[in-house]
Amino acid sequence: MMFSRERFNFGHVFLVVSILLCSSFAYWLYQDSDVDQYRKFARIYKRMILYVQYDEAKELHAEVLAKIIDAEKLDEAWLPFVKTIPEKKIRVDLYARILADNPNREDTYEQLAFIIDDVFPEEGHIVEKNDYLNKLKTIPEINHALLDKHNLIIN
Amino acid sequence: MTLKYSKGGSYWSVLIAMLLLTGTCSILFNGFSWMMLYKKAAAPYLHYNLDTLHLFTNEYIARQYQKFTASSLPEQTTLPTFDLFVDEKDIESLERDLPSSAKRQFKQSHLKVDNPPFTGEAQFRYRGGLALHWLYEKKSLRLKLPPFSTYRNERQFNLVNPSTLHTITDWVSYDIARSIGLLTPDYFPARVFINNETNGLHFFLSKLDESFLRKNNRMPGSIYSGDTVFISNLFGSSLEGEKVFKTENNTSALWVDERLWQKDAARNAESTSDREDIKTFVNIINESDPLSFMRSFETLFDKEKFYLFWGLDRLVGSYHHDYFHNHRLYFDPYKGKFEPIAWDIRYWSVQVRIPVTPLMKQVVLNPILKYERDQIMYRLWQRFNVKHITDMVDKADSVIRPEFAADPYRQQPTADISTFILDKMMPLSMDEYADAINDLKQIYNIRHGLVGQSFNSVFANYTIENRTSDQVQITLNINGLNPIDFNPWSIIPEHLREDVKLFRIYEDNEQAVLIGEQNERLYPGIAVDIDDKLSRKDISVYGKETYKQSPLHYRYMIKGKGVSELISDNALTAKNAITSTPVVINKVDTLADASNTASLHPWQLLFDKQAVNKDIELSGEIIVNDDLFFSEEQTVTILADTVFKLSKDRSIFFYGKVIAEGTETSPIKFERKEAEHAWGSIVIHGKAASNSHLSHIHVKGGSVARRNLVDYPGQLNIHDVDSFQLEHCLISDNTVGDDALHVAYSHGAIRDCEFNNTAFDALDMDIVDVTVSDSRFSNIGNDAIDLMNSRSVISHVKINGTGDKCLSIGEASNVTVEQSQLTDCVLGIAVKDQSWVHVNDIRFSVEEGSAIALYRKNPRYSRGGEIEGERLYGITERDVDVGDYSTNHLKQGAYLPLTKHLNDAGAGVE
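Line by line, the protein sequences give chains A and B. Under this note's numbering, residues 1 to 155 are what the first sequence spells out, in order. Under this note's numbering, residues 1 to 910 are what the second sequence spells out, in order.
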């Protein structure tokens with residue numbers, strides 16, 4: 001009898017644990033990852049532009065930007081989105097956060113290199129630029145070869 | 001004993017728990033495996049992390065869900081079904097080490113197709129560069145049939161996975177391309193089953209090879225594919241190889257290095273490694289002198305086809321024929337022209353920017369060529385209006401949609417996952433598909449509007465400068481995208497025109513504008529900038545240069561007493577040269593700076609052009625010590641009794657119309673200058689030579705010629721000419737060349753001609769529609785008449801003595817032969833390779849068993865010859881040799897004794 005109770009307990013505990021595990025797994029799968037979030041945004045945004053719903057598209061763009069702007073690390077999935085942000089200052093900031101997420105992705109360095117001189121023009125922004133570049137250097141596992149290749153080092 | 005525990009429910013709890021965990025683990029395991037396989041085969045740079053696992057696991061689930069929810073295939077369909085039966089071990093072998101294992105080996109299979117019916121052996125492998133073709137459950141297949149086995153006249157073809165979100169863009173694009181006359185592969189949807197299991201909706205796609213050319217009535221010739229950047233890294237090697245194919249500018253080296261053009265087909269086995277044509281192609285593109293380029297482009301390129309090809313890209317906004325890949329090129333060995341092949345016209349878009357390849361750059365910077373291109377573009381734009389394309393899309397969609405709904409492997413490429421360098425394929429729902437089709441129509445709607453706007457882009461203004469009281473300079477500034485048609489005399493009030501002179505001024509040259517001259521065309525220019533802000537990807541697609549509108553200035557000088565007082569500054573008028581809409585040209589104080597304009601100034605041509613005598617008359621004795629050339633714009637009249645005495649290997653090339661009309665007593669002769677030395681060829685080549693007429697000419701003692709990459713195998717050659725007439729001629733005693741008279745890509749008539757003592761074939765015709773009548777052939781070295789892929793009526797012809805066949809009719813020809821005599825030939829009539837011959841009233845005097853042979857010779861054709869008709873004199877059924885896959889439709893009564901011929905009223909040529 002006692003043996004049977006033990007089995008009973010074990011069976012139900014095992015079932016409960018299994019349900020918990022499976023539910024967690026299902027929940028994890030169900031949740032939108034950054035990739036999913038960006039894909040959903042991109043699909044809707046592109047169609048809005050195609051059907052000339054520019055105001056709605058602008059609103060959506062701003063909404064998404066507000067959502068990601070404060071993240072400490074930004075998933076590389078957002079790289080194409082960051083490229084479309086008109087304010088270059090915000091872009092360089094977000095590029096740094098994407099580099100923190102994946103320091104080995106060359107696209108990020110390349111895109112950053114294209115705009116960095118516009119954000120920090122030589123006249124009057126040298127210090128700001130150097131601070132920014134120094135900050136890049138401190139990103140864990142930053143790829144110094146790529147920094148060098150794209151001239152993202154202090155001269 | 002164990003079952004007893006179930007009373008307490010423990011057993012079921014454990015069982016359910018195990019099931020749940022097994023299911024979870026299975027999903028996780030499959031997601032993980034899929035991720036690992038993808039990394040190994042397609043994305044070695046991929047990082048394993050939770051996000052990536054999440055993506056691949058979700059993808060796995062979505063694909064399984066799609067399989068279970070796919071509807072049944074519609075019972076009624078117009079699509080052909082390809083059933084492939086293969087050994088599972090072969091599939092395993094193909095997938096053992098993707099992607100290399102999939103493409104380096106062909107496996108044996110049995111293929112059955114319902115429409116048109118086909119059943120037989122076929123080798124297969126996976127094909128295609130991108131992972132979508134070989135990594136997923138739905139594969140893109142290359143099928144290869146054995147010799148003499150064809151499906152739709154092709155021995156090799158593809159069944160490809162649709163590779164765009166819009167699915168049908170390729171289908172619609174190829175249909176447009178074909179309808180405008182571009183060399184286009186067959187492309188249509190098909191069902192594919194592998195070992196009785198559906199493999200989803202595929203598209204049949206021709207392989208670009210010799211069969212493709214023959215099927216499209218083109219001579220076998222070189223086909224090149226220009227695909228560079230992915231060559232090195234598609235099969236898993238590192239990206240380092242990429243650099244090999246790039247110039248110092250980081251752009252693709254495709255346009256500067258002929259080695260990057262892979263030769264996919266050749267004129268014949270001997271020319272497989274001959275690359276002279278592609279070297280010439282690359283050299284022309286890199287010609288630094290725009291005038292030299294223009295000449296070569298007009299000579300060696302089928303301009304109209306290139307304009308149509310580019311026009312189609314611009315019409316649909318396809319940027320897929322870019323700086324580094326997706327180019328297919330054919331060089332026609334008898335037309336002597338390069339021609340684009342419509343290939344991968346996809347990714348319709350609203351974007352304005354279309355890649356400008358170095359070839360297109362040469363055209364864009366030549367305002368005259370650019371205008372020719374834009375005119376054709378305008379016609380395309382008018383023809384393919386929004387409704388036209390919407391209807392095409394709807395029609396394609398109505399066929400595809402039910403098939404796609406039943407496709408368990410529907411997928412779409414997405415560029416929205418930035419983790420992947422190349423587009424990742426993801427499952428595609430029918431809702432997404434429906435949206436995609438609507439989006440496609442909207443894309444074209446916007447695109448059509450944008451292109452339409454570009455035709456209205458014309459800006460023009462002018463300045464007046466009084467140089468002296470008797471000289472006034474008017475300078476017109478033309479900007480925008482389109483030229484104007486302008487009458488320069490409109491500057492001057494009508495009542496003054498008799499009293500003044502008007503000149504065009506270009507640099508230090510001046511040229512009088514004659515009174516009564518019609519409108520002239522004034523073109524805008526283009527400026528070229530280097531864009532330093534392009535990403536590596538953009539550079540690889542577009543190159544580093546950007547193009548923008550830039551002005552061109554045109555100076556006129558008016559000279560006349562006191563003219564400065566008389567010219568007013570009213571607005572001038574002109575017409576948009578594309579749309580014919582009016583253009584107002586206002587006076588301004590200063591003109592826009594034209595110093596950045598990189599275009600050729602069209603007036604350079606005006607002043608460089610040598611005066612050409614357009615009508616040339618030749619007579620008397622003409623000694624030809626150097627090759628003679630007559631251009632497209634020249635009509636040459638050769639008078640009776642003219643004798644051309646040609647030196648060794650010298651030739652005469654007529655690219656314009658020829659009227660050579662001798663008489664019976666005063667023929668026109670082409671003969672050797674030195675009796676012991678054969679001259680080259682007489683060549684009549686090109687559409688401008690259409691309606692040429694040669695009568696009473698004697699051509700004797702010639703050989704062959706080669707010019708502008710074309711080999712002319714006859715002593716007389718007629719290539720690419722419409723409506724020619726050749727009559728009362730004597731063609732004889734050639735040496736060296738394959739043919740005495742060679743005709744290719746032409747329409748016309750040969751009447752009352754005599755062919756004697758020829759080295760090999762007397763009359764060789766390739767891809768023609770020509771009638772041959774009342775002609776005589778004797779002492780012929782090889783075949784008297786040799787036809788390939790031609791339509792012809794041969795009547796009242798006498799052939800006497802050939803080294804081979806009297807009539808050799810091959811490679812899908814369709815010929816009628818009537819009221820003729822075939823005497824002393826090794827073989828009377830050979831009907832080969834899908835050719836069809838109708839005979840009527842033919843008198844044979846040949847060896848027994850050598851009258852007619854029907855057979856297969858070229859392995860690219862699955863059928864042999866067919867013959868039908870009546871009244872064949874001098875032969876019996878035993879004289880007709882019917883080979884495999886050939887058909888003799890002649891009835892028993894068609895064979896008649898020779899004696900009967902003499903009695904039949906009106907029969908024969910005697």
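Keep in mind that the hints were calculated from the coordinates and are not lab data. Just so it is clear, the structure is predicted and the values come from calculations on it, not from any experiment. Among the clues, some could well be false.
[Said to hold, decoys possible] For lysine-lysine, the following BS3-like pairs were computed, each having C-alpha atoms within a straight-line distance of at most 27 Å: (1) A:46 with B:395; (2) A:88 with B:537; (3) A:83 with B:89; (4) A:88 with B:112; (5) A:46 with B:246; (6) A:149 with B:891; (7) A:137 with B:533; (8) A:46 with A:58; (9) B:548 with B:533; (10) B:537 with A:137; (11) A:149 with B:246; (12) A:40 with B:441; (13) A:135 with A:88; (14) B:67 with B:89; (15) B:548 with B:501; (16) A:67 with A:88.
[As the list claims (entries may be wrong)] Short derived list, chain B residues pointing at chain A, Cβ under 10 Å: (17) 11; (18) 17; (19) 18; (20) 19; (21) 23; (22) 50; (23) 197; (24) 430.
Cβ atoms here follow ideal geometry from the backbone N, Cα and C, with glycine treated the same way.
### Message
Checking one constraint from the list: CA of residue 83 of chain A to CA of residue 89 of chain B, max 27 Å. Satisfied?
### Response
48 Å, violated
### Restraint status (C-alpha distance of residue 149 of chain A to residue 246 of chain B at most 27 Å)
18 Å, holds
### Query
Is residue 137 of chain A close enough to residue 533 of chain B, meaning Cα to Cα at most 27 Å?
Holds. Residue 137 of chain A to residue 533 of chain B sits at ~24 Å (cutoff 27 Å).
### Query
Are the Cα positions of residue 88 of chain A and residue 537 of chain B separated by 27 Å at most?
21 Å, holds
### Task
Assess, step by step, whether the Cα of residue 67 of chain B is no farther than 27 Å from the Cα of residue 89 of chain B, and give holds or violated.
Measuring from Cα to Cα gives roughly 24 Å; hence the hint holds.
### Message
Hint check: residue 537 of chain B vs residue 137 of chain A, CA-CA at most 27 Å. Holds or violated?
### Response
26 Å, holds
### Task
Grab the minimum C-beta distance from residue 50 of chain B to chain A and call the hint holds if it beats 10 Å, violated otherwise.
This hint holds: residue 50 of chain B lies near chain A, its Cβ roughly 8 Å from the closest one there, short of 10 Å.
### Query
Regarding the pair residue 46 of chain A and residue 395 of chain B, is the alpha-carbon distance no greater than 27 Å?
Holds, at roughly 25 Å.
### Task
Mind checking the CB of residue 18 of chain B against every CB in chain A and telling me if the closest is under 10 Å?
8 Å, holds
### Query
Quick one, are residue 46 of chain A and residue 58 of chain A close enough, alpha carbons at most 27 Å?
Answer holds: residue 46 of chain A to residue 58 of chain A is near 11 Å, not above 27 Å.
### Query
Any CB of chain A closer than 10 Å to the CB of residue 17 of chain B?
4 Å, holds
### Task
Quickly compare the C-alpha distance for residue 67 of chain A and residue 88 of chain A to 27 Å and report which way the hint goes.
The hint holds at about 18 Å.
In summary, the numbered hints that this structure violates are 3, 4, 5, 6, 15, 23, 24.
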